[in-house]
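Note that the sequence shown ends on residue 440 in UniProt numbering; no numbers are left out.
Some hints here could point you the wrong way.
As the list claims (entries may be wrong) - What follows is a list of derived Cβ distance ranges for each label pair:
hint, residue 1, residue 2, range
1, L179, F111, 55 to 65 Å
2, A21, Q187, 43 to 53 Å
3, G38, I16, 23 to 33 Å
4, I16, L249, 10 to 20 Å
5, Q187, G77, 36 to 46 Å
What the hints assert, rightly or not - Below are the EDC-like pairs computed for lysine to aspartate or glutamate, each with C-alpha atoms no more than 20 Å apart in a straight line:
hint, residue 1, residue 2
6, K295, D193
7, K52, E292
8, K235, D148
9, K52, D193
10, K197, E292
11, K78, E292
12, K235, E39
13, K271, D396
14, K78, E109
These are computed hints drawn from the structure, not numbers from a lab.
Using N, Cα and C, we set each Cβ at its ideal position, and we do this for glycine too.
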Amino acid sequence: MIRKRISFSLHWLRSIWAIIAAIGAGVMAGLYQPRFAGELIPYGNLYLSFLKMCVIPIMVTAIVSSVGRLFMSKGTGKVLRRMILVFLAGLLLAGILGLGAGLLGKPGEGFSSNQRTVLGQEVLDREPAAESADAAASGNGLLQFVFDLIPSNIFIALGQGNSLQILFFSVVVGIAVGLLSVHSGDQFLFMTDLLFKAFQRIISWAMYVLPFGMFCMMAGQIAGAGADLLLAMVKYIACIYGACLVLLLAGIWIVSAALRRPLLSVVRGLKEPLWIAFGTQNSIATMPYVLETLKSRFRLNANTVNLVVPLGIVLCRYSMVLTYTTGIVFIAQLYGVSLGPQGLLVALFGSILTAVAGAGSPGIVSIAMISLIANPLHLPYATGVILLMAVNPIIDPGVTTASVMMNCVSTVMIAGAEEDAEGTRFDESAKERGSALQTE
Numbered sequence: 001m002i003r004k005r006i007s008f009s010l011h012w013l014r015s016i017w018a019i020i021a022a023i024g025a026g027v028m029a030g031l032y033q034p035r036f037a038g039e040l041i042p043y044g045n046l047y048l049s050f051l052k053m054c055v056i057p058i059m060v061t062a063i064v065s066s067v068g069r070l071f072m073s074k075g076t077g078k079v080l081r082r083m084i085l086v087f088l089a090g091l092l093l094a095g096i097l098g099l100g101a102g103l104l105g106k107p108g109e110g111f112s113s114n115q116r117t118v119l120g121q122e123v124l125d126r127e128p129a130a131e132s133a134d135a136a137a138s139g140n141g142l143l144q145f146v147f148d149l150i151p152s153n154i155f156i157a158l159g160q161g162n163s164l165q166i167l168f169f170s171v172v173v174g175i176a177v178g179l180l181s182v183h184s185g186d187q188f189l190f191m192t193d194l195l196f197k198a199f200q201r202i203i204s205w206a207m208y209v210l211p212f213g214m215f216c217m218m219a220g221q222i223a224g225a226g227a228d229l230l231l232a233m234v235k236y237i238a239c240i241y242g243a244c245l246v247l248l249l250a251g252i253w254i255v256s257a258a259l260r261r262p263l264l265s266v267v268r269g270l271k272e273p274l275w276i277a278f279g280t281q282n283s284i285a286t287m288p289y290v291l292e293t294l295k296s297r298f299r300l301n302a303n304t305v306n307l308v309v310p311l312g313i314v315l316c317r318y319s320m321v322l323t324y325t326t327g328i329v330f331i332a333q334l335y336g337v338s339l340g341p342q343g344l345l346v347a348l349f350g351s352i353l354t355a356v357a358g359a360g361s362p363g364i365v366s367i368a369m370i371s372l373i374a375n376p377l378h379l380p381y382a383t384g385v386i387l388l389m390a391v392n393p394i395i396d397p398g399v400t401t402a403s404v405m406m407n408c409v410s411t412v413m414i415a416g417a418e419e420d421a422e423g424t425r426f427d428e429s430a431k432e433r434g435s436a437l438q439t440e
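Work out the full structure: start from the sequences and follow the hints.
Next up, the structure:
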């Protein structure tokens, strides 16, 4: 009886309203009590570190299990082709929306004298950090992406949380397990499933502390940006959030049409992972919640979801494509340069390639990689990069939420297009083999 009372009394901490209230309180604290909000940053980082501690094992076990079962079953090539097409379509959509938002909103034009003063001070304050980030970004590219993909020591990659190298290792192990004998492979996959469920249970415990973590993280983000910068870059911020809103609405409509569910049902199903994405500003931290939502609420094929979600979150950085395309238009307008149709195409495909090549890079380095797109367009980018870095804490919640939404859409399009009968038979046979192993 006592245990039931305690569980009931704390259940409100896991509600969506507690999360929304925590985010709102964090924004207010960051705006009106910046000193207090700054002191909360370590506590927010502590909670985020705890989530990441659980996310990496979940990512490894989910990918190993799903890739292993994919190679044990038929239709591997069909799933891979579908993934490539859907991911590419999503990246193109994000890029086109980013360009459209920049061209229509004109965020790099019409600054007042006061706004120029604020932006000039920001450039001076952040110039050293931008120079170091630009130096790190200059070594990144598609070739460097391939070299960075393979870890020399997987335990170092795990310790550093290098998601790209961990992803590659997990895929290779999954392929190897899938090519083993059925009995040996099933034994290994049964153990990975147990580990997956164990870390999901830990994540469910962390949900009780989620509102406090959200409050600390959001307060620190807003305090770090400042109200003056927010007002000076209001047009750019509005363009980004406008594009994010279009992506969210389009994503909800696509999921509703693909699954033949009412729009309100889709919103209710996705509200938890989307609000968590908005509060944490970290796509990887939302992975357990996205996996649980798509499997339990939308009843998608578990093996496909476990494969597509981690791959999409790590590789398909829709948030950076949106940031790069809008940012390039912003920089061009800032210097009075007209891009033209050819320049816009370079910006679009350059943004997609740069976003994929920068997978696993720290946030500040990822933003500095916009120089790889600006160079072919002959745009002076130094000032623009500094301003984009300065405003990143403000736009990060929006672009992260849009990125998570697009990953949900991609997973629905890939998993929902599979033949239900084949997926059902496959799931049932996997469960039967797991039960037999458990009996042994």
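Fill in: Hint consistency between K271 and D396 [alpha-carbon to alpha-carbon, up to 20 Å]
holds, 18 Å
Discussion item. Next pair to validate is K52 with E292; report whether the Cα-Cα distance is within 20 Å.
Written reply: Holds. K52 to E292 sits at ~16 Å (cutoff 20 Å).
Item to complete: Go ahead and decide if the range 23 to 33 Å is satisfied by the Cβ distance of G38 to I16.
Response: holds, 28 Å
Worksheet item: Is it true that the C-beta distance of A21 to Q187 lies inside 43 to 53 Å, as the hint says?
Response: holds, 46 Å
Discussion item. With the threshold set at 20 Å, check whether the alpha-carbon distance from K78 to E109 stays at or below it.
Written reply: With a Cα-Cα distance of about 47 Å, the restraint between K78 and E109 is violated, given a limit of 20 Å.
Discussion item. Just to be sure I understand the hint, the distance between the Cβ atoms of I16 and L249 should be within 10 to 20 Å; is that true here?
Written reply: holds, 19 Å
Discussion item. Between the alpha carbons of K197 and E292, is the straight-line distance 20 Å or under?
Written reply: holds, 11 Å
Fill in: 20 Å limit on alpha-carbon distance, applied to hinted pair K235 and E39
Given that 20 Å is the threshold and the Cα spacing comes to 30 Å, the pair is violated.
Worksheet entry | Hint consistency between K235 and D148 [alpha-carbon to alpha-carbon, up to 20 Å] | Given that 20 Å is the threshold and the Cα spacing comes to 36 Å, the pair is violated.
Worksheet item: Between K78 and E292, is the straight-line Cα distance small enough, at 20 Å or below?
Response: Distance of about 25 Å is beyond 20 Å: violated.
Practice prompt. Could you grab the alpha-carbon distance between K295 and D193 and see if it respects the 20 Å cut-off?
Written response: holds, 14 Å
Worksheet entry | Beta-carbon spacing of L179 to F111 - inside the hinted bounds 55 to 65 Å or not | holds, 59 Å
The structure fails hints 5, 8, 11, 12, 14 (numbered hints given earlier, in ascending order).
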